[in-house]
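Heads up: the sequence lines are chains B and L, in that order.
To convert, note that position 183 of the first sequence is 192 in this note's numbering; the numbers rise steadily by one, no gaps.
To convert, note that position 56 of the second sequence is 384 in this note's numbering; the numbers rise steadily by one, no gaps.
Just so you know, the hints here were simulated from the structure itself, not pulled from any lab data.
Note that this is a predicted model, so its numbers are computed, not measured.
Yeah, the Cβ is synthetic: ideal placement off N, Cα and C, and Gly gets one too.
A couple of the hints might just be wrong.
[To be verified] Here are some of the chain B residues that sit facing chain L, going by a computed Cβ distance under 8 Å:
#1 L84
#2 K87
#3 I92
#4 F100
#5 F111
#6 M115
#7 H116
#8 G117
#9 L144
[To be verified] No more than 30 Å apart at the CA atoms, straight line, and that leaves these computed lysine-lysine pairs for DSSO-like:
#10 L:K850 to B:K66
#11 L:K854 to B:K26
#12 B:K26 to L:K342
#13 L:K854 to B:K66
#14 B:K188 to B:K212
#15 B:K212 to B:K196
#16 L:K535 to L:K524
#17 B:K26 to B:K66
[Claimed, not checked] Calculated from the model, a selection of chain L residues having no Cβ within reach of chain B, i.e. all distances over 10 Å:
#18 F379
#19 G510
#20 H644
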Amino acid sequence: MNEAPSIAAVELTKRFKETLAVDNISFTVGRGEFFGFLGPNGAGKTTTIKMLCGLMKPTSGRILIAGRDVAADPLGVKSQVGILPETVETFDRLTGWELVVFSGLMHGLPEDEAERRAERLLELIDLNAEDRGRLVIDYSMGMRKKAALACALIHGPGVLFLDEPFNGIDAISTQAIQKVLQGLTAKGVTIFYTSHVLEVVEKLCTRIAIIHEGRLRGMGTVAELGTQAGLGSGAGLEDVFVSMVGGGLRPGGDLDWIGKPPAAGP
Amino acid sequence: MIRHIRLLAWLRWKYLWRSRRWITAVLTTVVSIGFAFFLFMGSAFALNAAFTRVGVPAVWELLHLAFAVLYFLWLYSGTLNDLYDPARLAPYPLAPRTIFLGSTLASFIGPMPIIGGALLAGFAVGIPGTPAEQVARAAIFLFLIVHLQLVSRLIRLTFLAVLTSRRWRDAAVLLSALFAGGIYVSLQLLRNDLAKDAVRAVADFAKAGGPSTWLAWFPPVWLSWGYALDGTRSGVGLGAFAILTWVVYRAGGWAEERLAFSEPIFHYRRRKISAKGRLPFLRGLSRAIAAVGGTIAAAVARKEMAVFFRDPAVRHRVLTSVFYVLFPIAAPFFLRNRGGETSALSAANVGHFAGIFLIFIEMFFLTNLFGLEGVAVRTLLAYPAPRRLLFLGKNLAYLAIFGPFNAIAISVPAILMNETARLPSILLLHFSALIVVTALGNVNSVYFPLPFLSPGQRIPRRDESGCLVGLARSGLYLLTLLLLAPVFIASFLLELGKSPWALAAAFAGLLYGGVIYAVGLKVAEKALASREEALGDYFRAA
Chain B
10 MNEAPSIAAV
20 ELTKRFKETL
30 AVDNISFTVG
40 RGEFFGFLGP
50 NGAGKTTTIK
60 MLCGLMKPTS
70 GRILIAGRDV
80 AADPLGVKSQ
90 VGILPETVET
100 FDRLTGWELV
110 VFSGLMHGLP
120 EDEAERRAER
130 LLELIDLNAE
140 DRGRLVIDYS
150 MGMRKKAALA
160 CALIHGPGVL
170 FLDEPFNGID
180 AISTQAIQKV
190 LQGLTAKGVT
200 IFYTSHVLEV
210 VEKLCTRIAI
220 IHEGRLRGMG
230 TVAELGTQAG
240 LGSGAGLEDV
250 FVSMVGGGLR
260 PGGDLDWIGK
270 PPAAGP
Chain L
329 MIRHIRLLAW
339 LRWKYLWRSR
349 RWITAVLTTV
359 VSIGFAFFLF
369 MGSAFALNAA
379 FTRVGVPAVW
389 ELLHLAFAVL
399 YFLWLYSGTL
409 NDLYDPARLA
419 PYPLAPRTIF
429 LGSTLASFIG
439 PMPIIGGALL
449 AGFAVGIPGT
459 PAEQVARAAI
469 FLFLIVHLQL
479 VSRLIRLTFL
489 AVLTSRRWRD
499 AAVLLSALFA
509 GGIYVSLQLL
519 RNDLAKDAVR
529 AVADFAKAGG
539 PSTWLAWFPP
549 VWLSWGYALD
559 GTRSGVGLGA
569 FAILTWVVYR
579 AGGWAEERLA
589 FSEPIFHYRR
599 RKISAKGRLP
609 FLRGLSRAIA
619 AVGGTIAAAV
629 ARKEMAVFFR
639 DPAVRHRVLT
649 SVFYVLFPIA
659 APFFLRNRGG
669 ETSALSAANV
679 GHFAGIFLIF
689 IEMFFLTNLF
699 GLEGVAVRTL
709 LAYPAPRRLL
719 FLGKNLAYLA
729 IFGPFNAIAI
739 SVPAILMNET
749 ARLPSILLLH
759 FSALIVVTAL
769 GNVNSVYFPL
779 PFLSPGQRIP
789 RRDESGCLVG
799 LARSGLYLLT
809 LLLLAPVFIA
819 SFLLELGKSP
829 WALAAAFAGL
839 LYGGVIYAVG
849 LKVAEKALAS
859 REEALGDYFR
869 AA
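Let's have the full structure, built from the sequences with the hints guiding it.
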């Protein structure tokens, strides 16, 4: 396949003073792939995503998104990607409707087209007419996530970065959105997906990378990862993940005081 | 309870220490100690001299009055604040009254006790008495300060608990701001001879025992009686004040509980917004802006205006600044009052003065463009929009908000002074100045952003904060003044000579402003390119 990969990270490193958050990682993600990026808390996932999206400059290394160099053409890259961060930090004094349309306009869509797409997206994420007129600050976490997802999709990005996209979203909407995302990959959209819910990752992702302490510990399909971890190709993702990041019950796991609150009240 | 109060104090200490660098803390302490020294010496000497030279009963009456004024001002200055989030401590098994008392006592951790302590000691030393009396007075003074903080907090909580509608709270804040501004303007309008009479009247009022007679209903006077340590009245006063403090403490517990478990009152009031939640006037304005700056600038402007009009933190700031507007409007009356016949020069100056004043009020917004975004600045910078359009959209939004308002606020004094002929040049020069400030504001917003605090949010610790940043910020403001100088000098010279070229010069000023804006925009755009990440980090949630 000669087609340029949608995402290419080459020897990517990020250092914050004394902390090496991402340590010389390289990987590529092909067009139309549903790529899972896993790691325990503080492993360097969010830092990597921020660098890939052009929101953070790497200490060293090179990133290409759809063939464009992030360092040379950050705005060009931003126009190609859709981002759903784990913590939705958005303009919470806009209504849901205004927020999604605003997002379309910021990507250069004409107003009537932005409104048309917003209408369809809000229908898809099941945000009813009353909720659309409410301010985002009054939304629940799940509704915020849904609105942010609509913002990430409105300009038809070629690459989607989704950080815990289903966190706080109800089961019905989750299922609907999962179907949409799978449909998008069929159309050639690349999805870079991080989550701690390994069952969903296993179900959706075609390839997975595992990062721990800033370094890539393994990459491939679940079967390939099982082999890399020495567990065999039939191992489940959870076992592979725990094996690669050195998990297990820590000493002190037996919390012997649970169920025995202090006798004295305030 | 003691344990919880200690923990709350610890929490306050940690927040205080971690919200600033150690050098800032040391400097604040040194400056506070310096100020406290002068307060101590001043109060001690003034009181000692007063008790030696003037009759003792009259000085005590003046002290009763001083206690009453201090009480009123203290409560007035810090109570109508609705940016307080009491729900943080709700999950812990703390009695609401403990939260109330503990948070109040914890608020003393900081530079305030240095100033309060200086006054406390100055009063104790300055008033003649035995060492035992001096210690007793120091304790009573301390009681007053704790009481003041308790009442101040109670009023703040009650304000939120009772005025559950945001509109009512806005109205209360507005009235309070206008009240303060009104008092100041009234004092300015007072003629000098009348002012002297007023001072004499206050002295006569005190000599005649007025404060004890007419203000006997006011709690600080009860405490002041106690402070005098002169028998039965002192005991009764102190007892009454102690009972009131206990009632405040109980009521504070009720208010804490009421707020912690109430609806999220800090949110924008839910209401039915027309189809798709669009505000027609925003849509109209953004179309006009789209014609000037394009779709992206218009989208930014529309978002900026929506946030400006909806964010309670912004509204609070705007409402509390409203009384400044009274100054330029009152200026013609002030000039007439002081100078008899008003000259044309002073009339024109009133127009310029009004303009400068308005820019001064609006500078916080004009020079802090990303403050309203807060943590959402990362989202804004994640869009692939050309950065100059972000600035342009924000600038046009503020021009649309402040422009008409300023035009009216400048025109009213000019019309009142029959100076309509000079109004066009005054307005043109004002807008030239506004554009220059906007240009420098764009640069300042990138290098020296300030967060707009929302409920429960605290100023984050910044590695780059400190004296040097403060100096650099001041330097940029100084540069703004320097760049404004040609506009002001031209207007002054033209008005002085009553030149017929005033209007032409005003147009030249507008052109000058345009050039400065273009340069400023270029500089800001370049600066933002290298500081996007830092800006996002700066506004991270506290």
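Output the indices of the hints that this structure fails to meet, ascending.
none
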